[in-house]
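With the sequences and hints as input, model every part of the structure.
Each residue of the sequence shown is one higher than the one before, counting from 1 in full-length UniProt numbering.
Just so you know, the hints here were simulated from the structure itself, not pulled from any lab data. Each hint can be trusted.
Listed below are the simulated DSS-like cross-link pairs for lysine-lysine, each with C-alpha atoms no more than 27 angstroms apart in a straight line:
| # | residue 1 | residue 2 |
| --- | --- | --- |
| 1 | 265 | 236 |
| 2 | 236 | 223 |
| 3 | 233 | 202 |
| 4 | 223 | 208 |
| 5 | 223 | 202 |
| 6 | 236 | 271 |
| 7 | 236 | 219 |
| 8 | 208 | 219 |
| 9 | 60 | 236 |
| 10 | 223 | 233 |
| 11 | 202 | 219 |
| 12 | 219 | 265 |
| 13 | 262 | 219 |
| 14 | 233 | 60 |
| 15 | 233 | 262 |
| 16 | 270 | 236 |
Between beta-carbon pairs, the in silico distance windows are:
| # | residue 1 | residue 2 | range |
| --- | --- | --- | --- |
| 17 | 58 | 4 | 45 to 51 angstroms |
| 18 | 64 | 23 | 22 to 28 angstroms |
| 19 | 58 | 103 | 27 to 33 angstroms |
| 20 | 64 | 93 | 20 to 26 angstroms |
| 21 | 271 | 23 | 33 to 39 angstroms |
| 22 | 265 | 219 | 22 to 28 angstroms |
| 23 | 246 | 54 | 50 to 56 angstroms |
| 24 | 259 | 189 | 16 to 22 angstroms |
| 25 | 274 | 24 | 31 to 37 angstroms |
| 26 | 150 | 203 | 33 to 39 angstroms |
| 27 | 244 | 54 | 45 to 51 angstroms |
As the structure is a computational prediction, the values presented were derived from the model and not from experiment. From the three backbone atoms N, C-alpha and C, an ideal C-beta is built for every residue, glycine too.
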Amino acid sequence: MADELIKNVSVHISSRSFLNITFNIFQCGNCDVENGFQFTTTEDGVYQLFYLNSGDGYLKTDSYTSKIRANSGFFIFPDVRYTFTAVGGETANLTWVTFSGFRVDHYLGRAAIWPSQPVFDDAEGAVGEKLNALYMKSHKMPNRYCKMMSLLYDIFAYLLDNNPPQKFYGYRDTANYFAIAATEYIEQNYMNPITIDEVAKKLGISRKHLCTVFHQILKITPKQFLIYYRLEKACKLLRTSSQSVQQISEAVGYTNQFYFSKEFKRVVGKKPSEYRSSSENLEIFSYHSFLATLMRQNEQNELNTPGDWKVIIKPSGKDTGRREQKNGK
1 MADELIKNVS VHISSRSFLN ITFNIFQCGN CDVENGFQFT TTEDGVYQLF
51 YLNSGDGYLK TDSYTSKIRA NSGFFIFPDV RYTFTAVGGE TANLTWVTFS
101 GFRVDHYLGR AAIWPSQPVF DDAEGAVGEK LNALYMKSHK MPNRYCKMMS
151 LLYDIFAYLL DNNPPQKFYG YRDTANYFAI AATEYIEQNY MNPITIDEVA
201 KKLGISRKHL CTVFHQILKI TPKQFLIYYR LEKACKLLRT SSQSVQQISE
251 AVGYTNQFYF SKEFKRVVGK KPSEYRSSSE NLEIFSYHSF LATLMRQNEQ
301 NELNTPGDWK VIIKPSGKDT GRREQKNGK
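Structure, rendered in structure tokens:
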């Protein structure tokens, strides 16, 4: 039975100055991966959602390995290289969608999905049903895009409804509450010249109290967190945009370019211009790992041209041949 209509009430959702989650779908597809074969994601700067319709496999990054079974899925995060290998004797079949968006990582974090924890179970098959429907809609013109976007939003809503919340009300103690509140405030305001005093004031506690509980939970000071978070964003902009160093420093909350460059050199070990021209992939910090640690503690006591995207299928053995499947075809 539908919820009873609530009459004569106006509900504020957002302000005109606040941009909420957005999506831009680039591609979608379906592909078979035969037993013993693998594919490696090759696209940077976008998100991808894969769903395993049948078969088994392993998902690997440089620091992560997970067994994946049918009726489960995984997200590919920007600038992280993933390899999926089909195992178990059965051909694996996957459906996928490639997209970008604003605040995607924030909403995935609320669903307890991070680069260090990208896999989710879907025992009831609801996500698989929605993603396969999205893929099938892509074949039907006209007005396929609005229908596909609707389904992608529906997938995110389902994941949020069916995973442990990362919001404040789920925490057992005050220390966890203030630590996660501070990280979310920094995430939403790092581009402004905020201070730790301001963060503490927004939470209604003293700077000393915030620093104590923050370090207790995350083993890092809020000032260090703010610096690392800003510099992580700066690293991505240096590699993916043509903005000047001054523009990037302002985009991540620094009002003084000289101070930004000095701080960047101190933490990263290179000047911003040197980092931009370097071929090294230097990952200095990921705040998601800190949120993942916090969530685990709480449970125990949050571009290249789209046309260039391709799935490379090859045997997992060293010297065997390979075949290439573009766009999942």
